[in-house]
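These protein sequence lines map, in sequence, to chains A, B, C and D. So for the first sequence, this note's numbering puts the first residue at 451; every next one is plus one. So for the second sequence, this note's numbering puts the first residue at 451; every next one is plus one. So for the third sequence, this note's numbering puts the first residue at 451; every next one is plus one. So for the fourth sequence, this note's numbering puts the first residue at 451; every next one is plus one.
No lab work stands behind these hints, which were simulated from the structure alone. It is possible that some hints are incorrect.
Pairs count within a copy or across copies, as identical chains cannot be separated in the list.
Lysine-lysine pairs mimicking DSBU-like chemistry, simulated, CA-CA at most 35 Å apart [said to hold, decoys possible]:
1) 836 x 682
2) 455 x 522
3) 588 x 510
4) 643 x 554
Because the structure is a prediction, the values reported are computed rather than measured.
4 protein chains.
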Amino acid sequence: MSVEKIHRVGIIMNGVTGRMGKNQHLLRSIIPIIHQGGISVSDEEIIMPDPILVGRNENKLKVLAAESGIDKWSTDLNGLLQDPKYSVYFDATMTNIRAANIEKAIRAGKNIYCEKPTAMNLEDALRIYNLAIERGVKHGVVQDKLWLPGIMKLKDLIDRGYFGRIFSVRGEFGYWVFEGDTVPSQRPSWNYKKAEGGGIIFDMLCHWQYLLENTFGRVKSLSCLGALHIDKRWDENGNEYQADAEDAAYSTFQIDGANGEIVAHFNSSWQVRVRRDDLLTIQVDGTEGSAVVGLRECWIQPYGATPKPIWNPDIPSSINHFDNWIQVPEQRNYDNAFKVQWELFLRHLVLDEPFQWGLQEGAKGVQFAEKGFESWSGRKWADIPKVI
Amino acid sequence: MSVEKIHRVGIIMNGVTGRMGKNQHLLRSIIPIIHQGGISVSDEEIIMPDPILVGRNENKLKVLAAESGIDKWSTDLNGLLQDPKYSVYFDATMTNIRAANIEKAIRAGKNIYCEKPTAMNLEDALRIYNLAIERGVKHGVVQDKLWLPGIMKLKDLIDRGYFGRIFSVRGEFGYWVFEGDTVPSQRPSWNYKKAEGGGIIFDMLCHWQYLLENTFGRVKSLSCLGALHIDKRWDENGNEYQADAEDAAYSTFQIDGANGEIVAHFNSSWQVRVRRDDLLTIQVDGTEGSAVVGLRECWIQPYGATPKPIWNPDIPSSINHFDNWIQVPEQRNYDNAFKVQWELFLRHLVLDEPFQWGLQEGAKGVQFAEKGFESWSGRKWADIPKVI
Amino acid sequence: MSVEKIHRVGIIMNGVTGRMGKNQHLLRSIIPIIHQGGISVSDEEIIMPDPILVGRNENKLKVLAAESGIDKWSTDLNGLLQDPKYSVYFDATMTNIRAANIEKAIRAGKNIYCEKPTAMNLEDALRIYNLAIERGVKHGVVQDKLWLPGIMKLKDLIDRGYFGRIFSVRGEFGYWVFEGDTVPSQRPSWNYKKAEGGGIIFDMLCHWQYLLENTFGRVKSLSCLGALHIDKRWDENGNEYQADAEDAAYSTFQIDGANGEIVAHFNSSWQVRVRRDDLLTIQVDGTEGSAVVGLRECWIQPYGATPKPIWNPDIPSSINHFDNWIQVPEQRNYDNAFKVQWELFLRHLVLDEPFQWGLQEGAKGVQFAEKGFESWSGRKWADIPKVI
Amino acid sequence: MSVEKIHRVGIIMNGVTGRMGKNQHLLRSIIPIIHQGGISVSDEEIIMPDPILVGRNENKLKVLAAESGIDKWSTDLNGLLQDPKYSVYFDATMTNIRAANIEKAIRAGKNIYCEKPTAMNLEDALRIYNLAIERGVKHGVVQDKLWLPGIMKLKDLIDRGYFGRIFSVRGEFGYWVFEGDTVPSQRPSWNYKKAEGGGIIFDMLCHWQYLLENTFGRVKSLSCLGALHIDKRWDENGNEYQADAEDAAYSTFQIDGANGEIVAHFNSSWQVRVRRDDLLTIQVDGTEGSAVVGLRECWIQPYGATPKPIWNPDIPSSINHFDNWIQVPEQRNYDNAFKVQWELFLRHLVLDEPFQWGLQEGAKGVQFAEKGFESWSGRKWADIPKVI
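Next comes chain A alone, as it looks inside the complex (with noise of 0.2 Å):
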């Protein structure tokens, strides 16, 4: 293939020594993007993603380099956000300073890649959308489960009209979060540590928020209650400490359907062991026909192959409630959900292809997040007004 045109796409990627930022964004996203030669947008042209590495450990960054093999690392973010190398700030640093990395980066005319919750408040994740309209420049907030393999099954049903009138979702989101005491813990402690930004009503309701409303409809109202079920845990060094941030939240949602409201409720967990078909597993029922969806894998169960089941305890039941589900075949072909957005940003940035989830929804996570800490509290729904 002989390319005549290559888009050349600087991107400074703060935060990738951390999980998310080193993992899904670096090694899954951006070098699969380059090891295929780029996004080809034709036979002609495409677009080569050319990042440098950002952190505040010189050390971490070198193994990084080594290991990713991108030998451009640097821990001066704020000389590069100076380069016109870079189009693009990419930030997946902590939560506390994301805004403020984000305005300065907005102030010296990059466009934004971000991933969420894009700030500490509501206030500030429209600060920094405004300021982003206000100087024109292009951006992306990580909304990465809609492209779930499992999510985008069921998004392909409801195209097609499979469930007829959906009116009622069921979210279990969790697994068992070792305390770290025996077995080592599989999250870090800030996750449970308020003062760090911790708390799952934080990290998961922006999750449900573009999920549902992308999937279903706008959600007008919540209703949330936040846990600490386990308040003992051990850190990184083995030392004891005091968990203060929730780490179960169970909140319902009353959603403007398509064809009427829908009612969905989410469980969310780190502290719940795992008996259902995947960590996240949302189920759908509609008139027609209902659907059983996970990370990667659906069920679906229409009308015609409903059972009628009996109650009746005496005897063991006659029907095996799992066999009369159907798994939906691979329709079509899954990549990484975080790849997925970052091409279709990448398109956005230099075709100018419509991409719908920008800073504004960004704000709207974190308005969610807001709302079921109100709910919470105020022991009742909270409504979820317009802000944009």
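Got chain A sorted already, so can you dock chains B, C and D onto it with the hints?
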């Protein structure tokens, strides 16, 4: 066997031509007790129920008498209440006439055993309880789910200390009740009509009340959202009707557990397709282990068998999340749950053995349903004050 | 990665031309540590082993050097002991010369790491321990089974309190060692000759000593019966010989457990066919649950999953006794057990981190074997006095 | 079939209201023998048992008479012993009254068939044996395990020479007997009380005696360690009690085998969870092959199928150690073991066919248990002198 002493207990069985009264109380409880030679109290002593079938429809009663082999039947409830041969009044009639029937029976000096809900509102439920106390009659309310094999296995695990500290309970109840247009419906139409005492909140929250309180601890407050997911149905005669009673309830409970607060979330729905172990499944999570309970079976995952999942949607999960659970074997024999409670009640009656499931518990169940409606309409949490 | 500080540790590896020394210590421990870039102590600091291969057979050493990529080798042990480049003397030679070698090395000021048994008798084992203390050198003895994945899973379960009170342990070790006439034998002939330090008591009781004491508690007394089940064998050259060292040991132990006495029974045999989960299986029974542990895997049966069998040989059992167990998942990563202990020893050496598996423990292992012989010949229980 | 001659054998069945007496001897042995039309000796001749049920509780006897269809019963043992219609006295009463009952019956001229242990001590056991010889009555002691299908398959293999030279036997007996607090216990409480003749040594060593001696050879000496693993239990009425009889025994035996010494090790426990083929499994290792035997099934691994395992805990074992065994097919029909021995005894009685399992064998069983206690308390091996 030469039995020296037979305690014959005359029972007025009102409402046994209905579904529950006939199947669970007459055919699976009283008849088997008679066929097994009564309740053996000791080698020389038995308790033998002596029922008379009561209803409004003479023809139905004749058929039932033939089917059950119980040849005594009557449509004259008032006359029977004056007959000293019968010391127990049992009620499985429709909810909206139950409290009045019970009141009459108490005033006639009968001991009471009845279905739930005991009344249409808390006031009535408390009135018949107080009347029973005042008149010194014995009383019991059906709380059958406590003797489901699955729930008894759960109780054994709790008593054994298996869970460590319990902090979270998830209940999923329901199945697809057909609308009646193509496939005939498997539930009576009155369930879907407000005016006839229908609705899932009134039906199921009574069950969750005694189930939660007998198993985990007192429920302090609840949040409940009802929904009418399907409002067009076809009745027993194939006529279309407008359903107006809620067919789903999404409820969350805060419980004073033995070792701290427990959050319980229960979804109840007659419009859900079932992809789980049973029509009712309850997952209990504790610090040392979890359990998932169905009507008869129970699966457990202790700490040492808890997997450590890695969130990586790029590849199919290496863990089948159903594999790391082990089924609780049959460690005792399980009889029909309704029959077990009947036997306990008859022993209470004759031998004065303790029996904690009286009209006061029925009143708490009614209060629970009322609080469910209060929370729904008020869009906020409802605290549950102690009434007895 | 720019490492600021490298601690190079020169190690005289004596006996690496033997089976254990080569496979476990050189190829699966020291070489992988080198290949992984040493032991990372912090972002700026590593420990790097620097071995020299020592043996009697020059040809074997050359071959091993080529195979391992370690180009330093020597047959001159005495010379090396004077070389200040090497701070550690490692010994995996034959047992009957080990104590003398170690003594020489201690006198030369070397730190010691060695295989077990540390000596042919308790007196020698204590002498080299006391000498190490006197000369102030550091010392470690291989107790690899403590880091077998199966044993580590067991330890996690114990630490978690899974078992309740442990009261009973059953060990089965062994497999069929072919005699060598038809199928060639898979173990060297010296194992079956008393004069060459053979016999299963000396070999395996050392293991049971540290395994039991590190896992369950101090062993107070033991009863041991040795047996020579097969006395005619064929050696490496196909020559028939008379085996005179016991090839099986049936031993029972009384242990001071954390919550009362524990009885442990271990069968060790080189003449047993294996119908069990692994070559070494250990069943642990406690009040709240049991576990069966193999080299890598662990299966558990908690109280709630314990079946209630009925003894009825008239019909096939309705219980498959392997079904009510659940496999412990991989809750952490497991490295080669020998390598794990090497890394701990090297950290102890360089960083002075605690290391409890020194020559005193080796002496206890030798004492254990001696007590085994004492019990066997005396046909009675042998108490095990504290020697250190 | 026209039977010319019916030998009717009157049997006083004492103790058949107990668990073993009722289930194994009456319902599964004598009744089936009657229902099959007696024991067919030839086309013209049968032996027909004619039992009378004896016990202390009249009500229990009436119920048992109704259940079994044997309408003769009595509480007057002394009267029956004088009745010449009954030539056999069978005893399945409690151990502490058995020897006295047998003695009375012998003095009344009855032939004897009885459960084990035959007495509470060797002296009594020998006395009733000598008395039987003196009075010339015939006698048999239940040794049911010899006719378990599994043990008969093993015996067939031995007789065939399958094993080559047998050198080692491993027995594992037991299962989890529930304490009775949460799950009800499946064994009577007297088993756990010394004063009532409880304890596993007295119960099981009798079995191991005849099993080992009939199958492998004379037991020369034994070492036995008893243990009381669980001392708090709940009895049939739900009352807590202190268990004081040992519930586990770890015993080793030296046997004069046909081709040299055999070591046998047996663990017996009522507090063990079962991960093996059956409630009783016996592994036999010989030079040419091994077998593992359960109550009904038997698996063999001959020399040619013996795998050559490699000890490498770094990787999962490539051998599934259950795969290299083959199950022995049903090469004959197996009847209930108790019934088989009853038929042999009745033929011995009527036809004078040889019967080697008399009171002398019962005495050896009692001696075995006594030696078990002697070894336990003396903490040394106990030799077993020939007493008969």
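In ascending order, which of the hints set out earlier in this document are inconsistent with the structure? Hint check: nothing fails, all pass.
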